[in-house]
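Chains as they are written, first to last, in full-length UniProt numbering: chain E, 1 to 148; chain U, 1 to 148; chain C, 1 to 79; chain D, 1 to 79.
None of these hints come from the bench; they were simulated from the model. Small disclaimer: the values here were computed from a predicted structure and weren't measured. All residues carry an ideal CB built from backbone N, CA and C; glycine is no exception. Worth double-checking, as some hints may not be accurate.
Below, simulated BS3-like cross-link-like pairs (lysine-lysine); rule was C-alpha separation at most 30 Å, straight line [claimed, not checked]:
1) U:31 with C:6
2) D:40 with E:80
3) C:6 with U:134
4) U:31 with E:49
5) C:56 with U:134
6) D:56 with D:40
7) U:9 with C:50
8) E:126 with U:134
9) U:23 with E:31
10) C:47 with U:49
11) D:6 with E:80
12) E:126 with D:6
13) U:80 with E:49
14) U:31 with E:80
15) E:134 with E:49
16) E:8 with D:56
17) E:49 with D:48
18) C:48 with U:49
19) U:9 with E:9
20) U:80 with E:126
21) D:50 with E:49
22) E:134 with E:80
23) U:134 with E:9
The following residues of chain C were derived to be distant from chain U, with all beta-carbon distances above 10 Å [claimed, not checked]:
24) 2
25) 6
26) 20
27) 22
28) 36
29) 41
30) 66
31) 71
32) 73
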Amino acid sequence: MEKAHKPKKVFVQGPISPDFVAKSIASHQSKTGIGAHAIFLGQIRADQKEGGLVTGIDYTAYEEMAEQAFHNIREAAFAKFELTCMHIYHSLGLVPTGEISLFVFVSSPHRRAAFEASEYIVEEIKANVPIFGKELVGDAGFIWKENT
Amino acid sequence: MEKAHKPKKVFVQGPISPDFVAKSIASHQSKTGIGAHAIFLGQIRADQKEGGLVTGIDYTAYEEMAEQAFHNIREAAFAKFELTCMHIYHSLGLVPTGEISLFVFVSSPHRRAAFEASEYIVEEIKANVPIFGKELVGDAGFIWKENT
Amino acid sequence: MSFQVKYFGMLAEIAGLSDEVWNAAGGLTVGQFRAQMLDKYPAMRDKKFKIAVNQKISEDFVLIETPAEIALLPPFAGG
Amino acid sequence: MSFQVKYFGMLAEIAGLSDEVWNAAGGLTVGQFRAQMLDKYPAMRDKKFKIAVNQKISEDFVLIETPAEIALLPPFAGG
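One chain only, chain E, in its complex shape (with noise of 0.2 Å):
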């Protein structure tokens, strides 16, 4: 119901299931003007650090700001890019190795539209959305995460 009343709510717990990125793709196949869709998804590393393996991530946000960052780079890409659809779902609180994080959906009558879309939203979450990541690391370990 919550959803109905906040369809652009970004903010998910914990990460996002390949079911649920099944689920937006198919509610989009009504959508006959569609010919491309553009998904992008963000996946926990298990990369190497000093203190061992990273475990997951800690996501928290400054959430009222984000959501404000989201709907500013959501108004931006529709004004840039011929889109007909644009989701973006962004985790909050523990996602561990190899589950997803990040999901943004572009959909367009062209596939440039969409590919350019898409690689548009990424950059602007990753440079302008105030979201913090802990990486968990070895067994109790952390490094706060900064992006590039």
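Fit chains U, C and D to the given chain E structure using the hints.
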């Protein structure tokens, strides 16, 4: 069983389901060196033509040459980009409007390689793979599709 | 000489078949084959297509060496 | 004057809290607030962070006007 011996088989009969996409994503969650997946999906548009709306595309291919062309694209993409995995699926036979006929799935440690490979592969497929598409229009008409 | 010819898409519709054996009096270049083929199927004259010899797109000057599989390929539409 | 201050990520760990009310004798620019804050939490001195005023990243010369929500933002890590 046959799949296990032909991991590079690209053609599937009929539409590609969202569930198949989900299964493909899920099967990559054990590959913990992956940080970014880029997925492209081609969906059949209900374009308005002179004889009515497009209701689907009937795909045929010069299959042996097409499989070789896909193989060449795959090898070139692995050589050009830092990729962990690459999967390409394309429909043969009838794909109704709103359903998916092309699924390109690339995975990489980093997003840049995933974005670039995804675009590269899709453009190569459109230009260089001998696949033919008969757009079914209205009740009984058709138009042979041509990539641009 | 004789070789296999394959037709795809709209060209298969025009030819009314997707495979046939082509018999020629002597050696043929791709261009000479094309001319014979357009004589046999005049409706293909205003169609765009490429000719592949053994799965490789070929230029008109190439001499066809048997055994060969020649394919007539209309514009690609994958995706 | 007084305003809300929010700490995120590693800065919340250093401060030992995520929210507090900041009381200052008079008007403050963002830069003056930053100096007071680093006096209170010296361990933040070698950390990179930006300061947002009412959800907008602000320059040091900007005067803080109440009511205000100030946020200390370590490097972003979304994706």
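Comparing the hints with the structure gives:
| no. | hint | result |
| --- | --- | --- |
| 1 | U:31 with C:6 | violated (43 Å) |
| 2 | D:40 with E:80 | violated (45 Å) |
| 3 | C:6 with U:134 | holds (18 Å) |
| 4 | U:31 with E:49 | holds (18 Å) |
| 5 | C:56 with U:134 | holds (23 Å) |
| 6 | D:56 with D:40 | holds (23 Å) |
| 7 | U:9 with C:50 | holds (25 Å) |
| 8 | E:126 with U:134 | violated (42 Å) |
| 9 | U:23 with E:31 | holds (23 Å) |
| 10 | C:47 with U:49 | holds (20 Å) |
| 11 | D:6 with E:80 | violated (34 Å) |
| 12 | E:126 with D:6 | holds (21 Å) |
| 13 | U:80 with E:49 | holds (28 Å) |
| 14 | U:31 with E:80 | violated (35 Å) |
| 15 | E:134 with E:49 | holds (13 Å) |
| 16 | E:8 with D:56 | holds (21 Å) |
| 17 | E:49 with D:48 | holds (21 Å) |
| 18 | C:48 with U:49 | holds (21 Å) |
| 19 | U:9 with E:9 | violated (39 Å) |
| 20 | U:80 with E:126 | holds (25 Å) |
| 21 | D:50 with E:49 | holds (26 Å) |
| 22 | E:134 with E:80 | violated (33 Å) |
| 23 | U:134 with E:9 | violated (40 Å) |
| 24 | 2 | holds (20 Å) |
| 25 | 6 | violated (7 Å) |
| 26 | 20 | holds (15 Å) |
| 27 | 22 | holds (17 Å) |
| 28 | 36 | holds (21 Å) |
| 29 | 41 | holds (16 Å) |
| 30 | 66 | holds (18 Å) |
| 31 | 71 | violated (6 Å) |
| 32 | 73 | violated (5 Å) |
Hint compliance for this structure: hints 1, 2, 8, 11, 14, 19, 22, 23, 25, 31, 32 are broken, all remaining hints hold.
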